[in-house]
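We have chain A already, so just place chains B and C on it with the hints.
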Amino acid sequence: MNQTVTLRDGIIPFCFADNSGSVFYDEYSGDILSLALCFSIESGKLLITEYHAYSIEKLEKRGWIVSDDA
Amino acid sequence: MIFSADFLHGIWLKQAQLSSLSNREWEALVLLLRSEMLLARFAYWYENESEGFPAFVQAHLGNAKTLATRQAKQVEIEARMLVPLCSQFSQHILFLKGAAYTLLGGQLAKGRVYSDIDILVDKDALLSIEKRLGFKGWIAKPVNNYDEAYYRKWMHEIPPLIHSNRGTVLDIHHNIVPPVSGKAPPSAILTEHTMQSQGGFETLSAAALVLHSSVHLFFNEDQDKGYRDLIDIWLLIQRFDSQEFWTELVRLTDCVGFKTDVILALYFVSQFFDVGVPKALQPNTLPKAKWWLLKKIYSKTVLPSHPYMQCKYQGIAITLAWARGHWCKMPIPILLYHFLVKGSRKFIEKLFGDHVFKNSQSGS
Amino acid sequence: MMHEVILNTVPFSFRVTTNSTLVINNLQRVYGSANLNTAPTENDFAHYSVSLLLQRKVGRPWKQQARFKCDDLEPFLPMDADKSYAMLEWGLNWVIAAHEVSHVIVHAGVLAKDNKAILLPAHPGSGKSTTSCAFMKHGWRLLSDELALITPNTLTVTPFVRPVCLKNASVDIVSEWLPEQAKSDIAPNTHKGDVAHLAPTEISWREKASTASLSAVVLPSYRADTYCEIQPLTHRQAFNQIYEHCFNIGILGAQGFSTLAGIADKVSAYHITFNEADEIVSFIEETLAIAT
Chain A
314 MNQTVTLRDG IIPFCFADNS GSVFYDEYSG DILSLALCFS IESGKLLITE
364 YHAYSIEKLE KRGWIVSDDA
Chain B
36 MIFSADFLHG IWLKQAQLSS LSNREWEALV LLLRSEMLLA RFAYWYENES
86 EGFPAFVQAH LGNAKTLATR QAKQVEIEAR MLVPLCSQFS QHILFLKGAA
136 YTLLGGQLAK GRVYSDIDIL VDKDALLSIE KRLGFKGWIA KPVNNYDEAY
186 YRKWMHEIPP LIHSNRGTVL DIHHNIVPPV SGKAPPSAIL TEHTMQSQGG
236 FETLSAAALV LHSSVHLFFN EDQDKGYRDL IDIWLLIQRF DSQEFWTELV
286 RLTDCVGFKT DVILALYFVS QFFDVGVPKA LQPNTLPKAK WWLLKKIYSK
336 TVLPSHPYMQ CKYQGIAITL AWARGHWCKM PIPILLYHFL VKGSRKFIEK
386 LFGDHVFKNS QSGS
Chain C
44 MMHEVILNTV PFSFRVTTNS TLVINNLQRV YGSANLNTAP TENDFAHYSV
94 SLLLQRKVGR PWKQQARFKC DDLEPFLPMD ADKSYAMLEW GLNWVIAAHE
144 VSHVIVHAGV LAKDNKAILL PAHPGSGKST TSCAFMKHGW RLLSDELALI
194 TPNTLTVTPF VRPVCLKNAS VDIVSEWLPE QAKSDIAPNT HKGDVAHLAP
244 TEISWREKAS TASLSAVVLP SYRADTYCEI QPLTHRQAFN QIYEHCFNIG
294 ILGAQGFSTL AGIADKVSAY HITFNEADEI VSFIEETLAI AT
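Chains as they are written, first to last, in my numbering: chain A, 314 to 383; chain B, 36 to 399; chain C, 44 to 335.
Source of the hints: derived by calculation from the structure; they are not laboratory data.
Bear in mind the structure is a predicted one, so any value in this text is a computation, not a measurement.
Backbone N, C-alpha and C fix where the C-beta goes; we use that ideal spot for every residue, glycine too.
Fair warning: there could be bad hints in the mix.
FRET-style restraints, in silico, Cβ to Cβ [as the list claims (entries may be wrong)]:
no., chain 1, residue 1, chain 2, residue 2, range
1, C, K100, A, S342, 41 to 47 Å
2, A, E340, B, A315, 45 to 51 Å
3, C, D115, B, S277, 38 to 44 Å
4, B, K330, C, E287, 51 to 57 Å
5, C, N232, B, G97, 16 to 22 Å
6, C, N211, B, G45, 52 to 58 Å
7, C, A225, B, Q306, 53 to 59 Å
Here are some chain A residues pointing at chain C (derived, C-beta under 7 Å) [as the list claims (entries may be wrong)]:
no., residue
8, G334
9, Y338
10, S342
11, D344
12, I354
Isolated chain A, as found in the complex (with noise of 0.2 Å):
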């Protein structure tokens, strides 16, 4: 089920090539968040292909992304 959501100004997103997940860091706070979750960047978004529970709660939580589906 894939979910296009928008990243926060200042969230720099980082997929791995091996799909074991991906990284998120915060410019402003410094802080990172490693998650189960792959995406592809589509037009300056971000396009979630696969992830573990929890995963998008967690980034939802921080205010790091906010979803597409209105």
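For chains B and C alone, coordinates are given in the frame of chain A:
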């Protein structure tokens, strides 16, 4: 090797013969500048000439610039987060000292490093702000219980707050000098002398910043980083030099006080960096004997107190200045009590070998 | 008597002021005259200035204690005089970790052969230093025992060759592997146990200015009952490990983040449980196609 005061001033006036320095002398100069928190300033000051410096010096300057840039970025982020938080309780949120310089940008900002962010808010908003910030991860910096009482009871201030995650230190003031001294200017006056930075942040006006810097330089007990503060004042004058600026400064000292401190600061700035000062703020407006004593004490203390600086009798001068700083801030009975408790605590710690991590990189 | 010497380590040199003969003797033994300038002149410089001074303890004047300082900063509590050389070595690590921001610094050992480098994050109890010595025994050169200096957004590691810190039983084990290497006096009962510093091999010193490119991350775990078990790590697991041991990511911000993520994504990573160090070396040499 020992550097003379003239050599040091010559660096900022771009008259010093840096090309004739030996490697050993360069090593010492880097150490001296770093100790005075002036290394990053120096790096930007000589941005175009540093290619001719020895490689190891360039490496240090590179590091200093990286750290300064990182800090400036962090301060802007913090400022953007703090203003909406504090405005719920205080009509004014004014940035002071180092943070103000960073937000004002330009040469004043480049390479200016400091350890705390200083802001001025309404007095009755202090406790509410402290509480609100507490929810956002800001906690009072751990101090021993005597110092905490000193802050809250006698200085009517809250201790510095440190962010539990980011480590940023925030110093929230409601005046520029402790009210218990009886010398604190009415805060209403201070809030009339403000200006806006390009980024939309409120700081004290240029004249008020000069006043505050002068007060901080001579009134406070820490005669530390005085030389750096003089450079700040010089840069403020250079940038905001105008009839209005000087008129405002004279008017401020007339109604708020601290004229002596401003005259002293301007005297040193004019001596070191060849800056013109209007008659109304020159030393001959002060009683001769008073001026003679002040000049004697402070001529030594405004220079870096570093083993590489050529300056005798600095130890005594610093003690005298320290005592005056304390004296100016508090009435005598309170002062004695403060000395007694603080003094004996230090003695006990020394005697039983307890050692605290020394951090001489403090001061904003 | 006060000594002032310059330790000509690269890329950072140190001017060391000390009144401890233990420190001077060990510096001479472990670094050798090629790396130690005992009579600095006006033309000589050092990147950092430190001091290791012995003083009588206030309140206990029969005891001497050692204090390490860099400029005005004193990062450690004083230690007993018999640990002064070890204290200096730890102090030098602190100075670099606290001041250097032109590299991404990871708390790890780094070794290289044929300019292919491996990173050993300093996991407690990992036996990282002992493992490093095993690699040196097989002709690998040491780039660093504690501080990996990585050029931002690259896989390039800059060497910072200095002695290896060994603890307790490892000291004897490694002395057998590398009998030629100079060893410092033992600093007894430190917070890490009995500690000694071992000079790296000749090839390490010779190549002290040659960079290398990261090819693998290795997390060794010594276990007496396991011969050699290899567990490959995912890129994300490798990132977690490197990130956890990175000293200055706070200062380097986004650049530090992209450097570590890039490394994790490009090199192979293994967790290796072992009781026979030679096996780790064989495995890595084979995996990285290094000619033995």
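- Hints violated by the structure (numbers, ascending): 5, 10, 11 and 12
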